[in-house]
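For the record, the sequence lines run as chains A, B and C. If you read the first sequence in our numbering, its first letter stands for residue 1, the second for the next number, and so on. If you read the second sequence in our numbering, its first letter stands for residue 1, the second for the next number, and so on. If you read the third sequence in our numbering, its first letter stands for residue 1, the second for the next number, and so on.
Hints listed in this document are in silico derivations from the structure and should not be mistaken for laboratory results. Among these hints, one or two may not hold up.
Far from chain A by the CB rule (all over 12 Å, computed), these chain B residues [said to hold, decoys possible]:
no. : residue
1   : A76
2   : I86
3   : T101
Distance ranges between label pairs, derived from CB positions [stated by the list, open to error]:
no. : chain 1 : residue 1 : chain 2 : residue 2 : range
4   : B       : E62       : C       : F108      : 32 to 42 Å
5   : C       : T138      : A       : F76       : 29 to 39 Å
6   : A       : A590      : C       : T138      : 56 to 66 Å
Note that this is a predicted model, so its numbers are computed, not measured. For every residue, glycine included, the Cβ atom is placed at its ideal position computed from N, Cα and C.
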Amino acid sequence: MDYTILILVLPMLSFLILALAGMKMSHRVSGLIGTLSLGAVTVLSYLTAFVYFTAERTAEGVHSSMIPLNFEWLPFTNQLHIDMGILLDPISVLMLVVISTVSFMVHIYSFGYMKGEIGFQRYYAFLSLFTFSMLGLVVATNIFQMYVFWELVGVSSYLLIGFYYTKPEAIAASKKAFIVTRFADLGFLIGILIYGYYMKTFTFTPSEEQLMQAGMMLPWALGLMFIGGAGKSAMFPLHIWLPDAMEGPTPVSALIHAATMVVAGVYLVARMFPLFIAYAPQTLHIVAYVGMFTAFYAASVACVQSDIKRVLAFSTISQIGFMMVALGVCTGTNPHDTGLGYMAGMFHLFTHAMFKALLFLGAGCIIHAVHSNEMNTMGGLRKYMPITHITFLIACLAIAGIPPFSGFFSKDEILTACFNFSPFVGWGMTIIAGMTAFYMFRLYYGIFWGKENKELHAEHVPHESPLTMTFPLMFLALVTICAGFIPFGHFVTSNGELYDIHLNWVVAGTSIVVAIAAIALATWMYAREEQPVPAMLARRFSKLHRAAYKRFYMDELWLFVTKKIIFRCVSAPLAWFDRHVIDQFMNFMAWSTNAAGEEVQPLQNGRIQSYTMWFFGGVIVLSIMLLLI
Amino acid sequence: MELEVHVIHYLIVSTIMMFCGIYGFFTRKNLLALLISVELMLNAANINFSVCNRYLFPDALEGHFFSLFGIAIAAAETAVAIAIIINVYRNVKQVLTDDITDLKG
Amino acid sequence: MSLQEISFYIVAACIAVCSILAVTSGKILRAVTNLLFVLFGTAMFYILLGYTFLGAVQLIVYAGGIVILYVFSILLTRSDKDMKYRQRRAKWLSILLASAVGAALVLFLILTNDFAGSLIPQGFEYPVHEIGKSLIGTDKYQFVLPFEITGVLLLACMIGAILIARKEK
């Protein structure tokens, strides 16, 4: 499996080439370099997955982890050292496939979407950097390597959100994303340090002895790591950066802020899952409740947003909440009952990556066609953009949980796991799934049906996108249709044992009924040209509507906390102290040095005789002192 | 036959020479007079080397040769110093220490 | 009192007086002349000590070379007029005091030190061919290296003196 190193090297090389020499190349060449290297990475990833999953299972019936490459990078002590390497196990191989597929599709799609943009080469360079970092993150052999790539992913996300660096909103959004996630990563880093201190290792499998000794510190370390994961995965209340991150180019949103980077937190929890289950089940349940609340919050905000990318962003937050819940409701490692959520969460990660990337790319086509993000500039677009329409509908059905699309299967497993855990979580998640169906179809009808903005469309006729943009749509739609039938439980389960996905018809039936009811409601409210019901509801519950539209004032709350409380009560006194005490002390040092120099300066008058007189006087004094002693 | 002169007497003479030189070095302002004082000090030191060699270590010769090389170096030093003094005179038309307080200029 | 002693004391008195005159005289040519006498006295001391070669070198280099150089440069720079300057009295007193204290200190050290072998055989003259061998030998207590270095130094000084003193075009 030595070729796995190429999976990391190729995007890195492509980044280096494009970053160093990209400006000398034409758009076509630079795009081809990025896309071809990514194509090679995709092929290698599929090959890796094929070889890995067709290999013989071990005696316990699991796919064993493999480390094709590992070298010691920074040794602290004999035991504690930071390594760099490649770890292959079911979830990292799964992530390799997801990342390379979506990234490859986005590379192709960007050919059309970014055509003629200034900084096309820079865009492809950053895409390569991101892909490299993300791949490095998922194959990390230890928590510290993961952290290094975690930050690299954050940087490339920052660079890509701020791609249109002449737009103030984009700059603000990129800074916000970076600062919020960095703030969360502080928790991650502290967690890593606690983990390293007590476990005497950074690997994911510490020795039993150390685990026993750590006692209560392990749940703390894992909880702090989850804060980092919550920052990257936009869990409430650290979600505020993700909606703003939509200022970046839409393919970037599809790649980073829907399919790959934002599920890094889920991946982190899944990576630490054995430790969570064995030593910190309570922390895992906190994860579940945070995920559930986030899912509900984001779904309710998504119901009223008018910017289509914002709707998709909140939908992403909500769906990541689903994955977190799925991981959090596990109480054991047996995939047949208590550990079902693990497999369900990873399955949903996989299917969600595909259909959410599809939704974003579809949204990109629409924005490309009407040059706006606002829903009121759209409506009735189904006539103009048939391919986008059909693929978008498929993705909506998938996310709503209608069989036979992939989302149905993964969501059904999640709901089953939730009902196994507690009826409250089960019913709560079912309702949120219904809300998902509702707001997705509100979006769908708002774009493709509803009231057409005739003046605008007459002025600028919307058109179907070129093949470079529709091909990824069709491919992802195909995956979305088929992915549900993948025997996912054969590949990824909580303890590696084989598990056949089978539907629990009570749960599945309920969720289908709820989803169809929600879709029907959305159809009734939004499919027609005239929409009296939503307007009436918005009037009746104007406060609630407004609060939801403003995302329940979370951004304002954060601004209040940072600007009014932290800046005023902590930063301002610190600044005062810095300016008046530390700076003044430094000024005093400078002044006293200067004054001493001014005093001593007349001695240096250039008269050789006065120098020798001082010297002679000194000799006499020293001699007398020596005599007297 | 003994050498009747006591070593202390030589040293007293050289001390007088030495401190005359120091006194002259501080009071004089003419560069050539300064140089004369320096020669006095140098000679006092040379006498001390020779006397100590002769009286205290009669079998050795280091002090003797040190004096010899001291004389040679004094000659060299004088030559350079006088060249500098002549150059100073050419620039400022007099040779006082007060005129040459700047390193460059 | 032997001839040795008599000549020593005469020379010593001469050196002491001429030293003082050399640094106090108001005329620079007189100062140089007094210096010349001091140098003669020093040469005399070397001879009294038995280092006749050293005494000869002292006479040739100093009296014959350096003092002549002084006289020439005094005449070239018309230094006589530069000997008239006013000295602040307090400064002059402090210098005198400092020199006196220094001299007293050194004399105190000399007089209180108990010199071993304070008297030595007389009538001894160090043979010149031994000096010559010492100067060009490479053994222990032989000085070919300082000898050569001094030669190079003298050459460098000659070149430097010519460079510094020559008239710039």
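Now the hints, each set against the structure:
Non-interface status of A76 of chain B relative to chain A is upheld: no Cβ of that chain comes within 12 Å, the nearest being about 20 Å off. Against chain A, the non-interface label of I86 of chain B holds: every CB pair exceeds 12 Å, the least being about 18 Å. Its closest Cβ contact with chain A, about 3 Å, brings T101 of chain B to no more than 12 Å, contrary to its assignment away from the interface. For the hinted restraint 32 to 42 Å between E62 of chain B and F108 of chain C, the CB-CB distance of approximately 27 Å leaves it violated.
Here the CB-CB span from T138 of chain C to F76 of chain A is close to 59 Å, at odds with the stated 29 to 39 Å. Evaluation of the 56 to 66 Å hint for A590 of chain A and T138 of chain C yields a pass: the beta carbon distance comes to about 58 Å.
Of the numbered hints listed earlier, those contradicted by the structure are 3, 4, 5.
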